[in-house]
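Fit chain B to the given chain A structure using the hints.
There are 2 protein chains.
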Amino acid sequence: MRINAIGTIHTPFKEIARMPIQPSGAAGVRGEIVLLPELVEGLADLAGFSHIIALYQFHRVERCDLTVTPFLDNRPHGVFATRAPTRPNPIGLSVLALKGIRDNILAVENVDMLDGSPLLDIKPYVPEFDQPEQVRTGWLELARDRARSMRSDQRFG
Amino acid sequence: MRINAIGTIHTPFKEIARMPIQPSGAAGVRGEIVLLPELVEGLADLAGFSHIIALYQFHRVERCDLTVTPFLDNRPHGVFATRAPTRPNPIGLSVLALKGIRDNILAVENVDMLDGSPLLDIKPYVPEFDQPEQVRTGWLELARDRARSMRSDQRFG
Numbered sequence: 001m002r003i004n005a006i007g008t009i010h011t012p013f014k015e016i017a018r019m020p021i022q023p024s025g026a027a028g029v030r031g032e033i034v035l036l037p038e039l040v041e042g043l044a045d046l047a048g049f050s051h052i053i054a055l056y057q058f059h060r061v062e063r064c065d066l067t068v069t070p071f072l073d074n075r076p077h078g079v080f081a082t083r084a085p086t087r088p089n090p091i092g093l094s095v096l097a098l099k100g101i102r103d104n105i106l107a108v109e110n111v112d113m114l115d116g117s118p119l120l121d122i123k124p125y126v127p128e129f130d131q132p133e134q135v136r137t138g139w140l141e142l143a144r145d146r147a148r149s150m151r152s153d154q155r156f157g
Numbered sequence: 001m002r003i004n005a006i007g008t009i010h011t012p013f014k015e016i017a018r019m020p021i022q023p024s025g026a027a028g029v030r031g032e033i034v035l036l037p038e039l040v041e042g043l044a045d046l047a048g049f050s051h052i053i054a055l056y057q058f059h060r061v062e063r064c065d066l067t068v069t070p071f072l073d074n075r076p077h078g079v080f081a082t083r084a085p086t087r088p089n090p091i092g093l094s095v096l097a098l099k100g101i102r103d104n105i106l107a108v109e110n111v112d113m114l115d116g117s118p119l120l121d122i123k124p125y126v127p128e129f130d131q132p133e134q135v136r137t138g139w140l141e142l143a144r145d146r147a148r149s150m151r152s153d154q155r156f157g
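Taken in sequence, the protein lines are chains A and B.
Under this note's numbering, the first residue of the first sequence carries the number 1, and numbering increases by one thereafter.
Under this note's numbering, the first residue of the second sequence carries the number 1, and numbering increases by one thereafter.
Don't take every hint at face value.
No copy is singled out in the list; a pair is fine if it fits within one copy or between any two copies.
[As the list claims (entries may be wrong)] Okay, derived cross-link-like pairs now, SDA-like style, lysine to any residue, Cα gap no bigger than 25 Å in a straight line: (1) K99 x W139; (2) K14 x C64; (3) K99 x E128; (4) K99 x T67.
Hints listed in this document are in silico derivations from the structure and should not be mistaken for laboratory results.
Excised from the complex, chain A in its bound form (with noise of 0.2 Å):
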């Protein structure tokens, strides 16, 4: 399957060291996402909602690890049960905060992403389609708290 960027997202984080993990330990973090300008069409009514699904290109990564010791935890995992990027396809998702649109450019919150990252897909975000109830979050649970405050290193670099 051929599938190509439809615009870019643009954020304070040029280098992948040092990043937030992920949207929760990037609250208020303020991005852009410019979409190709004839594509605008397709952006009619999304200003309704107050959160989007970003989909996006993992851009920098260059390979894929089956098992990823992630920056969550000091254990090993496989990389199917973590959100690292150096997946067998290297396609990021966030939900963000959508502050306004003007044009093809989407002002956004809580990004997490590189700078430059190519944009795939935006969803609508819907709570009776993407907030499943009563969730169990496995290795994560002990973990997850850290989220807010770690920021990532250069391991998958």
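Quick look at chain B alone, frame taken from chain A:
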């Protein structure tokens, strides 16, 4: 960017018509994800999570519409304000309940995609990363409860 299927999702839905609209309309519907056997190492520790995010290809969709009239409304909206499959990059996203893993096969519930959908990624669902608060959902505010009972038709076939 070239991405390759890493497995296949099996569901009861063989036809584009009369499918559930979203996981919320597919509560309890069982399916199976068959991961490529050579990737099974990547599943380590995933069984501790109750829910996963599955990314997959809308493999029966051959066109892109920037304006769509979704199943849940009778008015047109920009495609990025909907979950319609006729997107520039036809990537679907569903949050599924993970019921068990045996070797390279995952038993899942709440499947809302076509049988045979090519799997692109599995991520653990983590409320701290994926569950924002104070969400507004625009045009869907009035329409979203319909997702539980509605079924698809041929419009995106």
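Hint check against the structure, violated hint numbers in rising order: none
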